[in-house]
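Visitor: Sequence:
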Amino acid sequence: MRVLFSVSAWPGHYFPMVPLARALGAAGHEVRVLCAASQATSVQAAGLPAVPVLDGLDMVLQARLSHFWQAQAGDWPYPWLPVHPVTGQHLSRLEDFDSAAYRAEHRAAALAATARSFDAAVRFATGWRPDLVVHDRLSLEGVLAARVVSVPAVAHLWGPVGTAEEGALRLVPGDPTRSFARHGVAELGDPPFRTVIDPCPPALCPPVGAAHRLDVRYVPYAGGFGGSCPPRPRVSGRPRVCVVWGTSLTAMAGARSFVVPEILAGLTGAGLDVTVLVSAADAAALRVPPATTVFSDVALASALSGADVVVHHGGAGCVMTSVAAGVPQVAVTFAAEQAANADRVAATGAGLHVRGGDFDAGAVRAAVTDVIADLAYGRAARWLRDQNDRRPTPAGLVARLEDLAGARAPASG
14 MRVLFSVSAW PGHYFPMVPL ARALGAAGHE VRVLCAASQA TSVQAAGLPA
64 VPVLDGLDMV LQARLSHFWQ AQAGDWPYPW LPVHPVTGQH LSRLEDFDSA
114 AYRAEHRAAA LAATARSFDA AVRFATGWRP DLVVHDRLSL EGVLAARVVS
164 VPAVAHLWGP VGTAEEGALR LVPGDPTRSF ARHGVAELGD PPFRTVIDPC
214 PPALCPPVGA AHRLDVRYVP YAGGFGGSCP PRPRVSGRPR VCVVWGTSLT
264 AMAGARSFVV PEILAGLTGA GLDVTVLVSA ADAAALRVPP ATTVFSDVAL
314 ASALSGADVV VHHGGAGCVM TSVAAGVPQV AVTFAAEQAA NADRVAATGA
364 GLHVRGGDFD AGAVRAAVTD VIADLAYGRA ARWLRDQNDR RPTPAGLVAR
414 LEDLAGARAP ASG
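If you number the sequence shown the way the working numbering does, the last residue is 426 and the count never jumps.
Bear in mind the hints are in silico, worked out from the structure with no lab data behind them.
The C-beta atom is built at its ideal place from N, Cα and C for all residues, glycine as well.
Hints may be right or wrong, so weigh each one.
So the derived label-pair ranges between C-beta atoms look like this [as the list claims (entries may be wrong)]:
| id | residue 1 | residue 2 | range |
| --- | --- | --- | --- |
| 1 | Pro-186 | Ala-360 | 26 to 36 Å |
| 2 | Leu-74 | Ala-294 | 38 to 48 Å |
| 3 | Trp-141 | Ser-318 | 36 to 46 Å |
Turn these sequences into a full structure, and let the hints guide you.
Guide: Here you go:
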């Protein structure tokens with residue numbers, strides 16, 4: 014069968030889909046990935062054929078705008094103002110960005126780009142004729158393409174936030190361009206997704222409403238950006254802590270959200286063996302305390318081997334990779350989705366959540382030492398790992414998708 018993947022313009026949204034796309038290819042099926050031009054290199058690095066025809070939304074800009082509007086509404090919990098949505102520099106006052114003028118100037122162009130993206134997806138799908146479409150929950154181009162060619166569409170989650178959330182977590186875009194009507198298919202509807210692939214273990218399963226849930230094991234994929242962590246001898250008597258911080262949070266929330274220096278200062282003197290994973294630029298600017306080793310371009314999954322606790326910003330990739338490794342987590346969060354991820358892990362007993370609005374290096378140190386001292390956190394983390402390991406592998410999900418697409422005759426009784 015032919016399977017068309019449709020992805021939004023953010024690698025973390027589709028990296029969890031890569032193992033499934035590879036499994037489909039290994040099973041002899043044809044795979045194509047609709048993406049924005051900005052994502053073509055990442056898609057191709059995964060060994061997947063990219064079709065870079067979408068006009069992907071600028072996810073960093075969208076996040077910055079969201080943060081600005083939260084601050085305007087008095088719902089910004091941090092002691093600093095958000096960054097300027099366009100320049101990325103921290104604002105001294107909200108009046109320094111005229112959001113009404115920005116909307117008036119850019120709305121028409123944004124709607125035109127969205128319509129072009131929908132049209133490009135339909136053009137490719139009508140020419141290639143897929144049997145099934147798999148998409149992330151922000152790539153509605155996949156939903157439209159599937160409806161136009163009358164094949165099933167399956168949403169693939171990237172972490173513990175689902176398709177039937179409330180409030181700020183309800184990250185399902187609409188169709189302001191009326192592209193569904195233009196192409197003669199039913200309106201998007203609410204909920205828009207009928208089938209959802211969920212990589213979360215049962216204790217973390219997010220709400221998907223009335224959609225049919227397909228379980229799959231979370232398999233970490235780092236995008237080819239990181240090698241293996243070099244083996245290091247364990248220091249006797251020192252628990253090992255892994256601190257990982259990507260660049261996306263800084264891009265979206267500003268430099269003040271990069272709290273790794275404060276975290277490391279807080280952990281100094283606690284008798285810990287600390288491994289830090291940050292970008293090369295961030296590593297060059299760090300003052301490295303004793304008993305701390307810094308790596309760049311290392312995959313998190315390899316660095317978690319032997320770790321007693323991991324500290325991160327709550328991103329879905331960090332959360333789910335830590336779940337798959339069975340390592341308890343301390344999340345320091347600066348955005349609504351990351352906070353939800355952290356809360357849901359904490360609710361299982363596999364970690365603690367330190368909210369960025371209340372950030373204090375001492376609070377992070379206390380959380381880390383609590384997780385190490387209380388063995389229940391480690392047991393809960395291993396329980397989540399075991400739940401993940403019992404789920405169908407991506408290869409094991411292929412037959413279910415074949416049945417869904419009608420590309421494989423059901424087994425006779």
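Visitor: Report the numbers of all earlier hints that the structure fails to satisfy, in ascending order.
Guide: 2
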